[in-house]
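Here the protein sequences come in this chain order: A and B.
Just so you know, the working numbering puts 250 at position 250 of the first sequence, and the rest follows in order with no gaps.
Just so you know, the working numbering puts 489 at position 104 of the second sequence, and the rest follows in order with no gaps.
Worth double-checking, as some hints may not be accurate.
Said to hold, decoys possible - For lysine-lysine, the following PhoX-like pairs were computed, each having C-alpha atoms within a straight-line distance of at most 25 Å:
no.: 1; chain 1: A; residue 1: K227; chain 2: A; residue 2: K181
no.: 2; chain 1: A; residue 1: K266; chain 2: B; residue 2: K651
no.: 3; chain 1: A; residue 1: K266; chain 2: A; residue 2: K44
no.: 4; chain 1: B; residue 1: K651; chain 2: B; residue 2: K429
no.: 5; chain 1: A; residue 1: K47; chain 2: B; residue 2: K651
no.: 6; chain 1: A; residue 1: K47; chain 2: A; residue 2: K227
no.: 7; chain 1: A; residue 1: K47; chain 2: A; residue 2: K231
no.: 8; chain 1: A; residue 1: K44; chain 2: B; residue 2: K651
no.: 9; chain 1: A; residue 1: K59; chain 2: A; residue 2: K44
no.: 10; chain 1: B; residue 1: K444; chain 2: B; residue 2: K389
no.: 11; chain 1: B; residue 1: K389; chain 2: A; residue 2: K59
no.: 12; chain 1: B; residue 1: K617; chain 2: A; residue 2: K266
no.: 13; chain 1: A; residue 1: K266; chain 2: A; residue 2: K181
no.: 14; chain 1: B; residue 1: K432; chain 2: B; residue 2: K572
no.: 15; chain 1: A; residue 1: K187; chain 2: A; residue 2: K59
It is worth saying that the hints were derived from the structure and are not from the lab.
Number of protein chains: 2
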Amino acid sequence: MPDKDVAVIGVGQSAFVRGYPGGIRELCFEAYREAMQDAGISSKEIKALIVCCAPEYDKQRSPSSLIDEYLGLNPAPTFMVESLCSSSTTGFAIAYSFIKSGLYDVVCVLGFQKMSEITSQDVQERMGRGADVMWESPYGTSMPAYYAMYAQAHFANFGTQPEDLALVRVKASTYGQLNEKAVYRKKVTFEQVMESGFVSSPLKVMDCCANADGSSCVILASADRAKELSKKPVWVMGVGQSNAPMNLASREHMRGLECARIAGEKAYAMAGVGPQDIDVAEVHDCFTIAEILAYEALGFAKPGEGPSLIRDKQTYLEGKIPVNVDGGLLSKGHPIGATGGSQLRTIVLQLRGEAGAIQVPNAEIGLVHNIGGVGIYGNVIILGR
Amino acid sequence: MPDKDVAVIGVGQSAFVRGYPGGIRELCFEAYREAMQDAGISSKEIKALIVCCAPEYDKQRSPSSLIDEYLGLNPAPTFMVESLCSSSTTGFAIAYSFIKSGLYDVVCVLGFQKMSEITSQDVQERMGRGADVMWESPYGTSMPAYYAMYAQAHFANFGTQPEDLALVRVKASTYGQLNEKAVYRKKVTFEQVMESGFVSSPLKVMDCCANADGSSCVILASADRAKELSKKPVWVMGVGQSNAPMNLASREHMRGLECARIAGEKAYAMAGVGPQDIDVAEVHDCFTIAEILAYEALGFAKPGEGPSLIRDKQTYLEGKIPVNVDGGLLSKGHPIGATGGSQLRTIVLQLRGEAGAIQVPNAEIGLVHNIGGVGIYGNVIILGR
């Protein structure tokens, strides 16, 4: 049984798309409206707004205030939080603390990114500057290249094969076709993945998620307010965060995601559960290799044994630990600041039994694993009903 | 007597300068080193690092991870928080919650800005984009112009005069000359202020603070850890935050700072004190008019009566409520993300009786007022010993 101190009482998400036609106000409103309708509360209940995004993708600086105003939340305080791709799970951790500390009783976590404001080439360049701009990014490093290094290290250490990576994308597309909010909704075959061209060896086009525009929204409340406002609260059981060195030269190895392993340990300890207790998980699969690294970091498989999970289909809906059954980033796309909130939404729907075609029967405990940058920021959140 | 739940156990600040010769790593280390020496603790005690800055002034994206690594804090989690000029007091509010909620027991709030990486013209342009880029900044609005509107509204409503503004700068320089970390350390005469050229009428050059490079650091701890680690804890009594509409068209008036008034009310209520109980205050004097608006927002003077406080020298060291006796932003300079931490440092030193030449005798309760953008983000923090 979870401690019932802080609850999620509403979740929402915009469609994730390539090229959203409106501005950031409208984009954010899409997720907000859905989350507020889900929660069944009015804007006056929101006591603080945490806006999560990676800046520099559009001209607006300090978007949090603009969004606070557009959503009609003034004078509720707001600010922006950023930890690259893990921004909205970081925002979730802050919201948890705000409520648990008694500072605010209902908090809205709104993640968004509108990446189509700039060219794809500029996106790659700016993402690259999320690594060290003194020692790494000037030499041409980019996110696919970094994750290719993780893959190469896994291949070299554990005998993992390109085929294992392809299986992750096949699973993603199996479920992505059911997700009406996903960028990619076509079923992809093993052969199609294997035959897609290289981006950065061994990663092929279909090993990579897509940049996207999107928003997500999660509303949290104190126990008292949740009981008053919500018929279907989902409780926060564990919050774990960690950080790994930004410079690769400072890392002990590239065989796994240390930031996620440590964040997971913290979250499990706080929740009083272990990997065997997780009924359904969302993990940060920005590249196929990242999902395999997540299996190992979270203890779903031993180090080096992640590939066997996907080979045996244990992370499919029918397996022992269903992972990314909403299609993952590989299908949904990856609007940086919105991604964590989308993961949280999927788990909340699962725990409420509202996940429809992808429902894991009787899911009681769910986990969200989110990573920022080159395995730098690690966030693990455990929810229960 | 303050609730003794969360304490400040260490404070540090770099010199604020025009053109820091090192990089952001070194800049941040300067404040961190001083705060850690002040706290007398080792890096292993730090459980989370909150990095506060306004991005876009240098090439590095997501600097929090880089700084976490450079300070030797891995695997302690980190992220960036931004609310324009109030970023580090926002970070302080998060740190308070992290500790009060039990998530972390010792948290480091590190604010910095290196504005000299880009030209002054670019700084002005990017600052302008901290207002609405759809309806305002494309038409040439800039921060001096916005605050000139506040001044004009105050003049029109209350008969405030340019001479009142000049008195604020004279006070700032009176104390700024004693602050070895300030950009401007020369005494400025009333005539010099009045004769300085217009930037945006009625604001003259000497009504404006200077862009600067700098860092600040505040270390907070839980009651248990503070008692164990510190001989001189200063306690967090009140934390208030609010937000006003970014678009000026959505504001009811420009006569005062609503975000600060509401944040102040919240902080007073939480602390169980009122304006009359404050022994010493730091307020956000990005422009001279802003200090007068702060007097009124915080209840040190009634609306429209702020100028009488400075005319009567009531905000000097010998007055009824000493304000910005460290020279304020007008003397120290304003390295955006570092400013709030510098204000907090001054108040902490005052409450410990370690403020030297600017010590307010027997200061027991101090207040920090910080504003982001065009009166958008308001943060008020009350500390006590």
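Hints and how they fare:
1. A:K227 to A:K181: 30 Å, violated
2. A:K266 to B:K651: 33 Å, violated
3. A:K266 to A:K44: Roughly 34 Å between the alpha carbons, so the hint for K266 of chain A and K44 of chain A is violated.
4. B:K651 to B:K429: This hinted pair is violated, its Cα atoms lying about 34 Å apart.
5. A:K47 to B:K651: Given that 25 Å is the threshold and the Cα spacing comes to 12 Å, the pair holds.
6. A:K47 to A:K227: Holds, at about 17 Å.
7. A:K47 to A:K231: 20 Å, holds
8. A:K44 to B:K651: 17 Å, holds
9. A:K59 to A:K44: Violated, because 29 Å separates the two Cα atoms, which is more than 25 Å.
10. B:K444 to B:K389: 41 Å, violated
11. B:K389 to A:K59: 43 Å, violated
12. B:K617 to A:K266: 31 Å, violated
13. A:K266 to A:K181: 32 Å, violated
14. B:K432 to B:K572: Between K432 of chain B and K572 of chain B the Cα gap is close to 42 Å, so the pair fails against 25 Å, i.e. violated.
15. A:K187 to A:K59: Judged against 25 Å, a Cα distance of about 36 Å means the pair is violated.
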